[in-house]
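Enquirer: Sequence:
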Amino acid sequence: VAIVVTRFGPYPASFTHAQGPFFLFVVNRSGVLEDTFSLIPKPAAGAAPNASTSLLDLHSTASRQRDHQIVNPLPGNYRLVFKAHPDWAVDIAITAN
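All residue numbers for the sequence shown refer to the numbering used here, where the first residue is 28 and numbers rise by one.
Since the hints were made in silico from the structure, they are not lab data.
Some hints could be false.
[What the hints assert, rightly or not] So the derived label-pair ranges between C-beta atoms look like this:
#1 50 / 81: 12 to 22 Å
#2 89 / 46: 32 to 42 Å
#3 31 / 120: 28 to 38 Å
#4 91 / 123: 14 to 24 Å
#5 36 / 84: 17 to 27 Å
#6 58 / 123: 14 to 24 Å
#7 43 / 90: 13 to 23 Å
#8 61 / 124: 30 to 40 Å
#9 123 / 50: 12 to 22 Å
None of these values were measured; they are calculated from a predicted model.
C-beta: ideal position from N, C-alpha, C; glycine also.
Input sequences plus hints: build the corresponding full structure.
Expert: Right under this line is the structure:
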């Protein structure tokens with residue numbers, strides 16, 4: 028699953044994937060060269076995201092604007108949050124097979 032981050036935010040803003048491993052690929056084209064992208068369990072309604080509960084951290088730097096990893100989250104709802112842009116997020120739903 029490719030996530031492209033532009034100056035307007037991430038695309039896609041949400042996606043659903045069946046349970047099982049998949050390749051998560053983040054390309055940073057936002058203009059902020061250094062950023063951390065954290066996969067966290069989706070917080071309850073009204074709660075603030077907590078990057079300290081991160082299941083995965085991907086990074087972009089001035090010399091490398093992309094990062095990737097194979098992930099295999101359990102069924103549930105997750106959020107990919109952006110350190111440089113706390114108001115941006117990608118909602119991820121993992122469904123049971």
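Enquirer: All the hints need checking, so say for each whether the structure fits it.
Expert: Hints, verified against the model:
| no. | hint | in the structure |
| --- | --- | --- |
| 1 | 50 / 81: 12 to 22 Å | 18 Å, holds |
| 2 | 89 / 46: 32 to 42 Å | 36 Å, holds |
| 3 | 31 / 120: 28 to 38 Å | 19 Å, violated |
| 4 | 91 / 123: 14 to 24 Å | 35 Å, violated |
| 5 | 36 / 84: 17 to 27 Å | 19 Å, holds |
| 6 | 58 / 123: 14 to 24 Å | 38 Å, violated |
| 7 | 43 / 90: 13 to 23 Å | 33 Å, violated |
| 8 | 61 / 124: 30 to 40 Å | 37 Å, holds |
| 9 | 123 / 50: 12 to 22 Å | 20 Å, holds |
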